[in-house]
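One line per chain: the protein sequences are A and B, in this order. Going by the working numbering, 86 is the number at position 86 of the first sequence; the sequence numbering is gapless. Going by the working numbering, 129 is the number at position 129 of the second sequence; the sequence numbering is gapless.
Just so you know, these hints were derived from the structure itself, not from any lab. Keep in mind that this is a model prediction, so the values were computed, not measured. Take these hints with a grain of salt, some might be off.
Computed spacing ranges between beta-carbons, pair by pair [claimed, not checked]:
id, chain 1, residue 1, chain 2, residue 2, range
1, B, Q90, A, D91, 39 to 45 Å
2, A, Q6, B, L147, 57 to 63 Å
3, B, F165, A, L43, 33 to 39 Å
4, B, A16, A, L43, 37 to 43 Å
5, A, S73, B, Q90, 37 to 43 Å
6, B, A55, A, R10, 26 to 32 Å
7, B, A192, A, A64, 39 to 45 Å
8, A, L43, B, H123, 39 to 45 Å
Glycine residues also receive a C-beta, built at the ideal position from the N, C-alpha and C atoms.
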Amino acid sequence: VSDLAQLFIRRWQELGGYAQLAPTYAAAHNYLEQLLRERRIRLACGWDDPVLERASVPAVLARAGVQYRTPASGLTRDWCESSELGVTTADLAVAETATLAMSFGPPRPRSAGLLPPSWLAIVPLGRLAAGRTELLAWMARLSRAGTPPAQIGLCSGPSSTGDIEMTLLRGVHGPGDVHALLVEEER
Amino acid sequence: MSSRQPPSSFRSRAIALMKDRSVNAAVKLGTARKVIARLKAWGELGEPEVARLRAAAKAAKAKVMRDLPAYWEQFRSQVEGRGGQVRFCQDGAAACRAVAEIALAAGARLAVKSKSMATEEIHLNSALAAASVEAVETDLGEFILQLAGETPSHIVGPAMHKNRFDVAALFSKDAGRTIAPEPAELLAYARARLRQAFVTADIGITGCNVAVAETGSVCLFTNEGNARLVTSQPRIHIVVVGIEKLVATWEDYEPILALLARSATGQRITAYSTVVNGPRLPGEIDGPDEMHVIVMDNGRSRLLGTPYEEALHCIRCASCLNVCPVYRQTGGHAYAPVYSGPIGAVLNPLLNGMEEYCDLPLHATSLCGACSDACPVGIPLHELLQKLRVQAVAEGRVSGGERLSMRLWGWLWSSPLRYRLFARIARLLSLPLSRGGWLRWAPGIAAGWTAYRDLPAPRGRLLRDRMIERGLAK
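Let the sequences and hints guide you as you build the complete structure.
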């Protein structure tokens, strides 16, 4: 598992993102606090998700004086558009391609990790997968379900383009500043 | 019997473009980088895995082509079961009408689009303009071309032929102020300008990279993330998809997921892959209320069951463009308006008619086969080009002079005696014209050949004579 985590982290970084292994949820707080300071975040949006609760994301943001909303606290698309940071988790972290796979739904809006310029995904290490085989099985299982998610999203690194002289540019439409935090602690 | 030529031929467009140094440099650099990137990505997978994936992709496409209507029916029932609408359209005009009707019924004024060759093919933007709907391209390359009023010159990098100075001039004009030709500044302008469009648009229009029949899923790949914005912000999502983009199952989707990005840009996967299964669920704060899928034939079904059927397997990775010695010299605008390179030289005459486009298989290929080697789904492109040539000749679409010289050549080389005579005479004639071991100039009709190529002068004796000496030939 540790080799896979290292592979994910290396490849996410190669794509131009930030990735780290956090041993505990407490370490994840520290990462988040530092991110809030460095990016001077005042407005943020996120998901209603047990992982983010366990990581005390709402409490950390409140303590730092950040205005934070999730669908449960009346999050809107406009709020996401004004936010400087979106916080989500992911269902799967695929090492081979450094991909975070997400099923969207009412508590997990697509806009949260998409509209703000910065995005942080906090993912329990147990959701790490090796490669395409696991990813495909997950996508097929979700889509074949009785009520599949209206949208499934895979993200590998920052939004990027090579359309101007094939120069790699980040943050063209989606977030250019992307953080993947793998949390070892299982609760 | 010569056919009506299009207003301007491939040959004349190609010659003009090859003289444009800025286009020429941009295309050579762009294609070379993409070829290297693909080879590196394929190399990482390893030859056996690439072979397995290519065979699997080919089998997946062949399977769906055998029973296309039934698989689309399965797709339709899945999408409609989740509240989406599916409409089948015979041609581009019908597809445009269908989109315009949806826009009209919704009272839409603004549509944002993610990159789609299918909508380029049917000139959807002009149809929307006629319905008083402004369409904004959101892929950066397509946005640049929209401002320039041009069509894509490359399937994956549509603005490959433009440099940052061209882009800065276009953006400055759009903004009404000067924007420096610095990539970061150009990017910042495009982000702000297009973000405004994303959040205010009524309609989002996408193509479809792969449609999965068993679950009625629409799969989209982008690096910019624009397809996810297009499918999450506006209240209506319209998909325009050609009938060939279908696979039966998620297992059949796997090889395409593995090969498409690696072949197109050398990435293991694109930055964003999005699967759309239907309109938003109750309680979702984003995603469209309505989802419409316009399934378009536009000439494609004519290819089913013919020797050209495999052209429908194309996943639009543009690998064949990048390796093509013709494309690399001319860029995409020498071809027909939408699909360029070897796949364009195959598809244009097949979908839009031999009459107008037969000069692509006749003149836009050297039949070297590099395209077939590069194709991730194993389309025998150069064989299809050759078949189209045979068809063009059979239909009398080549000049009398060309037909006569080919007939003469065939007559000369089809008898051993005449062939031997030809070889000796050609050697004798070329010797006095050679200088320093090279034949650089020849008179008469042969001058057209030596104008662009140097031929090594004959040296020593004929191969045949040497083989006779060693008892290898009689």
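Does the beta carbon distance between A16 of chain B and L43 of chain A stay inside 37 to 43 Å, or does it fall outside? violated (53 Å)
Consistency of beta-carbon spacing, A64 of chain A to A192 of chain B, with hint 39 to 45 Å: The hinted range 39 to 45 Å is violated for A192 of chain B and A64 of chain A, with Cβ atoms some 27 Å apart.
For the range 39 to 45 Å, tell me whether the beta carbons of L43 of chain A and H123 of chain B fit it or not. holds (42 Å)
Please test the hint of 37 to 43 Å on the beta carbon pair from S73 of chain A and Q90 of chain B. Cβ of S73 of chain A to Cβ of Q90 of chain B: about 50 Å, so the range 37 to 43 Å is violated.
Take the C-beta atom of Q6 of chain A and the C-beta atom of L147 of chain B, compute their distance, and say whether it sits inside 57 to 63 Å. violated (44 Å)
Verify the CB-CB distance for F165 of chain B and L43 of chain A against the hinted window 33 to 39 Å. holds (37 Å)
Supplied distance hint 39 to 45 Å, evaluated on CB atoms of Q90 of chain B and D91 of chain A: Distance hint for Q90 of chain B, D91 of chain A holds at roughly 41 Å.
Given a hinted range of 26 to 32 Å, is it respected by the beta-carbon distance of A55 of chain B and R10 of chain A? Since A55 of chain B and R10 of chain A have Cβ atoms about 31 Å apart, the given range 26 to 32 Å holds.
Violated hints for the displayed structure, listed by number in ascending order: 2, 4, 5 and 7.
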